[in-house]
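The task is simple: from the sequences and hints, build the whole structure.
Protein chains: 2
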Amino acid sequence: MNQTIETILNHRSIRQFKEVPVTEEQLDTILAAAQQASTSSYMMAYTIIGVTDEHKKTELAEITGQGYVKKNGHLLVFCADLYRHTLNASPEQYEQMLSNLENSEHFLVSAIDAALAAQNAAVAAESMGLGICYIGSIRNQLDKVDEILHLPKHVIPLFGMVIGVPAHTPDQKPRLPKAAVYFENEYKHDHEAELEAFDQTIAEYYQSRKTNTRNDSWTDQMLRRFTNPMRMDVTGIVKKKGFNKQ
Amino acid sequence: MNQTIETILNHRSIRQFKEVPVTEEQLDTILAAAQQASTSSYMMAYTIIGVTDEHKKTELAEITGQGYVKKNGHLLVFCADLYRHTLNASPEQYEQMLSNLENSEHFLVSAIDAALAAQNAAVAAESMGLGICYIGSIRNQLDKVDEILHLPKHVIPLFGMVIGVPAHTPDQKPRLPKAAVYFENEYKHDHEAELEAFDQTIAEYYQSRKTNTRNDSWTDQMLRRFTNPMRMDVTGIVKKKGFNKQ
Chain A
1 MNQTIETILN HRSIRQFKEV PVTEEQLDTI LAAAQQASTS SYMMAYTIIG VTDEHKKTEL
61 AEITGQGYVK KNGHLLVFCA DLYRHTLNAS PEQYEQMLSN LENSEHFLVS AIDAALAAQN
121 AAVAAESMGL GICYIGSIRN QLDKVDEILH LPKHVIPLFG MVIGVPAHTP DQKPRLPKAA
181 VYFENEYKHD HEAELEAFDQ TIAEYYQSRK TNTRNDSWTD QMLRRFTNPM RMDVTGIVKK
241 KGFNKQ
Chain B
1 MNQTIETILN HRSIRQFKEV PVTEEQLDTI LAAAQQASTS SYMMAYTIIG VTDEHKKTEL
61 AEITGQGYVK KNGHLLVFCA DLYRHTLNAS PEQYEQMLSN LENSEHFLVS AIDAALAAQN
121 AAVAAESMGL GICYIGSIRN QLDKVDEILH LPKHVIPLFG MVIGVPAHTP DQKPRLPKAA
181 VYFENEYKHD HEAELEAFDQ TIAEYYQSRK TNTRNDSWTD QMLRRFTNPM RMDVTGIVKK
241 KGFNKQ
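These protein sequences, in sequence, are chains A and B.
So the first sequence is numbered by UniProt numbering: it starts at 1 and just counts up by one.
So the second sequence is numbered by UniProt numbering: it starts at 1 and just counts up by one.
One or more hints might be untrue.
For chains that are exact copies, the list does not tell them apart, and a pair is met inside one copy or across any two.
To be verified - Computed cross-link-like contacts, PhoX-like style, restricted to lysine-lysine with a CA-CA straight-line distance of at most 25 Å:
#: 1; residue 1: K57; residue 2: K210
#: 2; residue 1: K245; residue 2: K153
#: 3; residue 1: K245; residue 2: K144
#: 4; residue 1: K188; residue 2: K239
#: 5; residue 1: K173; residue 2: K153
#: 6; residue 1: K70; residue 2: K188
#: 7; residue 1: K188; residue 2: K144
#: 8; residue 1: K153; residue 2: K57
Treat the hints as calculated values from the structure; they're not laboratory data.
Below you can see the structure in the form of structure tokens.
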């Protein structure tokens, strides 16, 4: 197994960091890695905001409810960005661009471009001995995050990422069996048996892990999560920012 | 620079492959890497379909207009998947889940989950000396791809990925300068100067590269691309499949 595969397979989300900032050199490497990811039709439809201002970090920690959004080596926010592509457009050209700027195709393109860049950043950081955690909970108050970062139209925050020197080594969380996420040639509609096997694995995992033991299964957890409507305001905010409207 | 960073920074999209299939062992490693990516709230909201059937590969190559979708070491299609989460739900529970299944939040979650997994797969493959290329053009006819792969409701194809032993070494395409994609604390609305500098870089790149030289700049290329409405049907197909409806 090579060093890269080892790094990837060793991933766990890190939520406690030593009080050591990510160095300029590390950050440059992480950003270069992010930028080298594939991008749809050369659009590079994302922006990364590094948040260092203590007041902004405090506000973001409150929005996410996660203390490590304030206490970390560095905080990045990954945004979908189609604004840059409009910068050189005349008013007439901008009008003509709107169908693309506002359709689901380019909402997908920009979200996927941002995610590919982010995962390169994550793997690069981990290969240097740093730990990371994605922060989806910035979408708890997407409009407020949008304001804090002064984002123009056609730019929306998607998720954050905290990076730093790990101060703990959490257990690795099991993944669904390969047989439940990988199919050959066509989707296997009936894969309850694979989920059942995983529920057993997960029940054992929750019982045996070092901290925060509980009785739970994956399918129960998902049922609870999905039956409780979450972040219903994201739809409207995304549209208000000019994405996903037509 | 460690091996992982080197692998990531050396990325180029590979579109010509030797006639050597990806081995079972390589594929298992690539899939394990994909699965170890971070996932929003443990949802693992994606499915990967490996396409080996020659007839299906031919159909997908026609849809994408890209011969290497047929000729490669292995072809993967990454899908957003919220179907799995409904498998154990009663009809009443399913009704209750619909708000989440259909909102933009979970459209984003599943697209991002799939992209994070895909980029881990890409880096893992490249670390083993394989080459990859993302295939966004499966969205040329999303409904047909959906049919070919027999996807249920709440599953949509997002993009493909071809993997194999590289038969060429294309030039690396320049990326936007860091100053155009990374900002500290807030978005820099006026970054035309950074784009102008990049346009110069790109004009030189297109003139100097080994094959397919042309006169072009990045901003011109983007203006052309965005003023021509593309894949406007994706919006409707995504909704028909139960995503992004409310």
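Each hint tested on the structure:
1. For a Cα distance limit of 25 Å, the shortest separation of K57 from K210 qualifies neither inside one copy, at 30 Å, nor across copies, at 47 Å.
2. When the C-alpha separation of K245 and K153 is checked against a cutoff of 25 Å, the pair qualifies both within a copy, at 13 Å, and between copies, at 22 Å.
3. With identical chains, the CA atoms of K245 and K144 are at most 25 Å apart both within one copy (21 Å) and between copies (24 Å).
4. For a Cα distance limit of 25 Å, the shortest separation of K188 from K239 across copies, 22 Å, qualifies, whereas the shortest one inside one copy, 34 Å, does not.
5. In the homo-oligomer, the alpha carbons of K173 and K153 never lie at most 25 Å apart, since the shortest distance is 38 Å inside one protomer and 28 Å across protomers.
6. For the identical chains of this complex, K70 and K188 are inter-copy neighbours only, at 23 Å across copies versus 43 Å inside a copy, given an alpha-carbon limit of 25 Å.
7. For the identical chains of this complex, K188 and K144 are inter-copy neighbours only, at 18 Å across copies versus 41 Å inside a copy, given an alpha-carbon limit of 25 Å.
8. In the homo-oligomer, the alpha carbons of K153 and K57 lie at most 25 Å apart inside one protomer (23 Å), although the nearest pairing across protomers, at 40 Å, exceeds that limit.
Going down the numbered hints, you'll see the structure goes against 1 and 5, while the others check out.
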